[in-house]
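*Asks:* So the chains spell out like this:
2 protein chains.
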Amino acid sequence: MRVALGQFNAVVGDMAGNARKMREIYARAVRADVDLLAFPELAVCGYPPEDLLHKRHFLTDCSLTLEKFAADCPDKTIVVGFAESDRGGNYNSAAVLQGARVSRTYRKALLPNYGVFDEQRYFRPGADPLVLEVGGLKVAVTICFDIWDIEWLGNFLKDAGRIQMILNISASPFHTGKLTRREDTINKCAKQFGCAVAYCNLVGGQDELIFDGRSMFADSTGSIVAKAKAFDEDLIIADVVGADDDTVQVKPHQPAAVQPASLLDEIYQALVLGTRDYTHKNGFRKVLLGLSGGIDSAVTAAIAAEALGAENVVGVTMPSKFNSPETISDAEKLAENLDIEFHTIPIAPVLGPFHEALQTVEGWNSDGLAFENLQARIRGCILMSLSNQFGTLVLTTGNKSETAVGYTTLYGDTAGGFAVIKDVPKTAVYALAEHINKMAGRPVIPVDVITRPPSAELRPDQKDSDSLPDYDLLDRILKGYVEEDKSVAQLTGQGLPKDVVDKVVRMVDRNEYKRRLSPPGIRITPKAFGKDRRLPITNQYSHSKDLA
Amino acid sequence: MRVALGQFNAVVGDMAGNARKMREIYARAVRADVDLLAFPELAVCGYPPEDLLHKRHFLTDCSLTLEKFAADCPDKTIVVGFAESDRGGNYNSAAVLQGARVSRTYRKALLPNYGVFDEQRYFRPGADPLVLEVGGLKVAVTICFDIWDIEWLGNFLKDAGRIQMILNISASPFHTGKLTRREDTINKCAKQFGCAVAYCNLVGGQDELIFDGRSMFADSTGSIVAKAKAFDEDLIIADVVGADDDTVQVKPHQPAAVQPASLLDEIYQALVLGTRDYTHKNGFRKVLLGLSGGIDSAVTAAIAAEALGAENVVGVTMPSKFNSPETISDAEKLAENLDIEFHTIPIAPVLGPFHEALQTVEGWNSDGLAFENLQARIRGCILMSLSNQFGTLVLTTGNKSETAVGYTTLYGDTAGGFAVIKDVPKTAVYALAEHINKMAGRPVIPVDVITRPPSAELRPDQKDSDSLPDYDLLDRILKGYVEEDKSVAQLTGQGLPKDVVDKVVRMVDRNEYKRRLSPPGIRITPKAFGKDRRLPITNQYSHSKDLA
Chain U
17 MRVALGQFNA VVGDMAGNAR KMREIYARAV RADVDLLAFP ELAVCGYPPE DLLHKRHFLT
77 DCSLTLEKFA ADCPDKTIVV GFAESDRGGN YNSAAVLQGA RVSRTYRKAL LPNYGVFDEQ
137 RYFRPGADPL VLEVGGLKVA VTICFDIWDI EWLGNFLKDA GRIQMILNIS ASPFHTGKLT
197 RREDTINKCA KQFGCAVAYC NLVGGQDELI FDGRSMFADS TGSIVAKAKA FDEDLIIADV
257 VGADDDTVQV KPHQPAAVQP ASLLDEIYQA LVLGTRDYTH KNGFRKVLLG LSGGIDSAVT
317 AAIAAEALGA ENVVGVTMPS KFNSPETISD AEKLAENLDI EFHTIPIAPV LGPFHEALQT
377 VEGWNSDGLA FENLQARIRG CILMSLSNQF GTLVLTTGNK SETAVGYTTL YGDTAGGFAV
437 IKDVPKTAVY ALAEHINKMA GRPVIPVDVI TRPPSAELRP DQKDSDSLPD YDLLDRILKG
497 YVEEDKSVAQ LTGQGLPKDV VDKVVRMVDR NEYKRRLSPP GIRITPKAFG KDRRLPITNQ
557 YSHSKDLA
Chain V
17 MRVALGQFNA VVGDMAGNAR KMREIYARAV RADVDLLAFP ELAVCGYPPE DLLHKRHFLT
77 DCSLTLEKFA ADCPDKTIVV GFAESDRGGN YNSAAVLQGA RVSRTYRKAL LPNYGVFDEQ
137 RYFRPGADPL VLEVGGLKVA VTICFDIWDI EWLGNFLKDA GRIQMILNIS ASPFHTGKLT
197 RREDTINKCA KQFGCAVAYC NLVGGQDELI FDGRSMFADS TGSIVAKAKA FDEDLIIADV
257 VGADDDTVQV KPHQPAAVQP ASLLDEIYQA LVLGTRDYTH KNGFRKVLLG LSGGIDSAVT
317 AAIAAEALGA ENVVGVTMPS KFNSPETISD AEKLAENLDI EFHTIPIAPV LGPFHEALQT
377 VEGWNSDGLA FENLQARIRG CILMSLSNQF GTLVLTTGNK SETAVGYTTL YGDTAGGFAV
437 IKDVPKTAVY ALAEHINKMA GRPVIPVDVI TRPPSAELRP DQKDSDSLPD YDLLDRILKG
497 YVEEDKSVAQ LTGQGLPKDV VDKVVRMVDR NEYKRRLSPP GIRITPKAFG KDRRLPITNQ
557 YSHSKDLA
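Chains as they are written, first to last, in the numbering used here: chain U, 17 to 564; chain V, 17 to 564.
Read the hints as simulated data drawn from the structure, not as lab findings.
In this text, all values refer to a predicted model and were calculated from it rather than measured experimentally.
Where hints are given, some of them may not hold.
Any copy, or any two copies together, can satisfy a pair, since identical chains are not distinguished.
[Unchecked claim] Once the Cα atoms are required to be at most 25 Å apart in a straight line, the calculated BS3-like pairs of lysine-lysine come out as:
no., residue 1, residue 2
1, Lys-547, Lys-71
2, Lys-495, Lys-71
3, Lys-519, Lys-337
4, Lys-92, Lys-267
5, Lys-71, Lys-519
6, Lys-547, Lys-530
7, Lys-514, Lys-543
8, Lys-543, Lys-519
9, Lys-349, Lys-514
10, Lys-71, Lys-543
11, Lys-519, Lys-154
12, Lys-71, Lys-194
13, Lys-174, Lys-337
14, Lys-530, Lys-71
15, Lys-514, Lys-71
16, Lys-349, Lys-519
17, Lys-194, Lys-302
Sequences are here, hints too, so could you generate the full structure?
*Replies:* Structure follows, in structure tokens:
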């Protein structure tokens, strides 16, 4: 049996466009003479469609698109994900297309409702397995999470008889470390059933989520024998053959796709894809960002240039008297190195009159945080005005560490449309800068930008370290508190200093409102500040309070 | 059996504070010699705690608080909601406290996972009914949604024998029309089981949700014989008596609480409570808002003054040359009428230099939308600066109609912390203005503000009607499209004009990003732009696109 996995970049809601892409892939699969062609979970409508699924006409359009696609592609067995609606409710389903029509459907049985997933909000669970016979082999069709509970799956398929292959169509979002877990799951699955596994994953960016592709074939020993590209579309084909000794072998038709060189490279590629897809899928060609001369904006600009082409990135530096000559010149040098459009708009001519206007209210002064933040707000206002005038998307440049503790100005540096490195801890931002320079073979990001102590430059001689602990320590605390939901007691039990932990935890807790009012950004960790961490703003839970 | 319903304003996460309030209510119940005292769903930790439930220490603190509360209140049977954790998972539970300890628990069986609810994200369903014997009567304990599926409930309690009362502890969020549905549910429940129903609801504002209280007793004919206050704390007590003819009678101990005079009054009270609770529970005393002289800011200011006291509301008018003398003087008149602090900060001295700074970028001009929006952004920046300096919360003033179609400036008039009338359609804003004046017995909101055609005043002679359909028509389209998820075909089928429907639907769809970046606000309709409407920003679904 020859099997093709059509890993493509589906766009949520663009059913006509998704069907067009699938028809092109079908034509290639026909030329390769495959028996079975698979597309990802909810490929027809994109994943996750969220509350679009509450619109009856959306579900109708999904069915119509599927039927038309079936009619257009009559010559092969195709398994494709779609949102199914019948009188009993809606289902996350796989349609089997044969002879120009939908011959059967399989309904996803395990619906994830944790982390970034809300599938029980939308779908009912299916109850029945589906086993197809294709090219003389028996193929069990499953959808994403169905194979992640191996004990459940064993029970679910116990009456299915001898199966030669499990086909799993997925929309499995990326985070660092996910691939290992996925390969482990596929390996266990192959071994448990003594069968091959064909795993077809989605690729592309959808708001905060990145789908990383890397569709795979495993043989019946659990070895991964073929893997599609990461963070890009791909079509991989293999022959799945039942051997005389009852093992199932898999023979790939193409050379192995080049894979990311490291976990850091994986993060970089995720950020590039996420930036490109958010920009293009939302109808923008160009982006705009403030270049402070610091490392966050430098890394963001480099990612944007890679994602969109240097000609589509505009950098604006907005110096004040608190910016050192070095940072101003580093911003310019970066723009030169990246070969992007560059503007300098000093904020002093606006800051003065603004300060005077505010001075008419008694108590306003230029000594504190409000005056510091006014500078950031003027910069946000400049970027949003240029965005408004020229139709460019504003990228914000905050990293996960500062987003966590609220070391940002609401409606200042958080003003924009998309937050590229929002889920990247500061320590990883440094590593990304080195990675970018290494790949370029030259210091695209000026070395000074990497070595200079970080500063917001909103008052004389300010340093991040005046307000925050060392980033190494901060990131360790944040990983425990934010990503692992550990308590203060657990964190100090790990040897982290109590006073710093208390301070950081308080900062994280009281800045929920700022995060809620900041743009979406790309998720790269197991728990980002997005759909996977839903905390109330109004929340008086505190570790330091007496319970009495 | 004497039953007391302790309807109180629990704060999410403030377990010590919630326990303190419950101890006070317990003391009153002891004095009234009740047999059974009930508190709302998740009363110990507040509702909804969202992902706080993923913190193990939060669950531990919830148990400890419950045990301490039980020890402090040994003399009565108490039923109180808490988050229960055991090895098998977490449950939305009711604890029965007797003799200074937790004697039994009931686990909520039906977990809502639609609209604003995500309970399947956090809890496993219970499987067993709990019937208590109190004061010689049999009482079935249920939690919120458990009584909303009457067929399911009949089956669930079929082996429970003759029950004299169903106790339901709830955290049922308000929207217009909800009370009728709730009374209908309670009525059906009483009739089905021929028993009394005691319904104890939460009260208070929690982020976008309002819990409206109105706890109730129904007798076995389904008549509502006692109802607690709306939008306020209350303790209602009644004797529940099994009569010889097998009916169950309910005799209230207090006169009937005054109820909202109309649906409009209900909305007004919801907005007042929501504003007060968001402000105070987040640690603010004072609020700040821009007064344009228009109706939205006038209604918002009046609600804030009622919620927080006039002395805690600051109005700022920020006129430009496009503001008419009438609107400027109306803003001042409103501030005088409400007796709130008032400042005038003209924006021309800032707008000029801002424009000049932006002109250094070729293509920037003062003729279009970007220049119009710059004025709104300067105003947002002024308010945020004052907020930053004085620690006041900025209230934004956008209504649901303009929020829906994106007739707002991102990071301009949307800049702030809380959006009081975000879920109030413009037509209802007018009705609220009349209501406010009627209650005051004088035009607190100047009559001109109500009768003048609405305008953003960002360019000469601008009117809302230049860009938007009549608000009557707009609000009808929005109700169908946003709240009822109708398609263009369904809306035009109702006789709504196709060209206007197409335009409005496009505007709603393409402004999802603006809504996502705007502050939370009070939910008063069955579907607000918040947790109950979760649409992707990246979304190319369109009614006008050809499906081919």
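*Asks:* Work down the list of hints and note, for each, if the structure agrees.
*Replies:* So, going through the hints one by one against the coordinates:
1. Taking the closest pair of Cα atoms, Lys-547 and Lys-71 come within 25 Å of each other both inside a single copy (21 Å) and across two copies (16 Å).
2. When the C-alpha separation of Lys-495 and Lys-71 is checked against a cutoff of 25 Å, the pair qualifies only between copies, where the shortest distance is 14 Å, while the shortest distance within a copy is 39 Å.
3. In this homomeric assembly, Lys-519 and Lys-337 never come within 25 Å of each other (Cα to Cα): the closest approach is 31 Å inside a single copy and 47 Å across copies.
4. In this homomeric assembly, Lys-92 and Lys-267 come within 25 Å of each other (Cα to Cα) only inside a single copy, at 20 Å, whereas the closest approach across copies is 73 Å.
5. With identical chains, the CA atoms of Lys-71 and Lys-519 are at most 25 Å apart between copies only, with a shortest distance of 18 Å across copies and 46 Å within one.
6. Taking identical chains as interchangeable, the C-alpha atoms of Lys-547 and Lys-530 lie at most 25 Å apart whether they share a chain (15 Å) or sit on different chains (18 Å).
7. In this assembly of identical chains, Lys-514 and Lys-543 lie within 25 Å of each other by CA distance solely inside one copy; the values are 24 Å within and 44 Å between copies.
8. Within a single copy, Lys-543 and Lys-519 get their C-alpha atoms as close as 21 Å, which meets the 25 Å cut-off; across copies the closest is 38 Å, which misses it.
9. Taking CA atoms no more than 25 Å apart as the test, Lys-349 paired with Lys-514 passes in neither setting, with 42 Å inside one copy and 54 Å between copies.
10. Taking identical chains as interchangeable, the C-alpha atoms of Lys-71 and Lys-543 lie at most 25 Å apart only when they sit on different chains, with a minimum of 14 Å there against 30 Å within one chain.
11. For a Cα distance limit of 25 Å, the shortest separation of Lys-519 from Lys-154 qualifies neither inside one copy, at 59 Å, nor across copies, at 51 Å.
12. When the C-alpha separation of Lys-71 and Lys-194 is checked against a cutoff of 25 Å, the pair qualifies only between copies, where the shortest distance is 22 Å, while the shortest distance within a copy is 32 Å.
13. In the homo-oligomer, the alpha carbons of Lys-174 and Lys-337 never lie at most 25 Å apart, since the shortest distance is 72 Å inside one protomer and 77 Å across protomers.
14. Proximity of Lys-530 to Lys-71 under the C-alpha cut-off of 25 Å is restricted to the inter-copy arrangement: shortest distance 21 Å between copies versus 31 Å within a copy.
15. Taking CA atoms no more than 25 Å apart as the test, Lys-514 paired with Lys-71 passes between copies only; the shortest distance there is 19 Å, against 50 Å inside one copy.
16. Proximity of Lys-349 to Lys-519 under the C-alpha cut-off of 25 Å is found in neither arrangement, the shortest distances being 37 Å within a copy and 45 Å between copies.
17. In the homo-oligomer, the alpha carbons of Lys-194 and Lys-302 never lie at most 25 Å apart, since the shortest distance is 31 Å inside one protomer and 46 Å across protomers.
Checked against the numbered hints given earlier, the structure breaks hints 3, 9, 11, 13, 16, 17 and satisfies all the rest.
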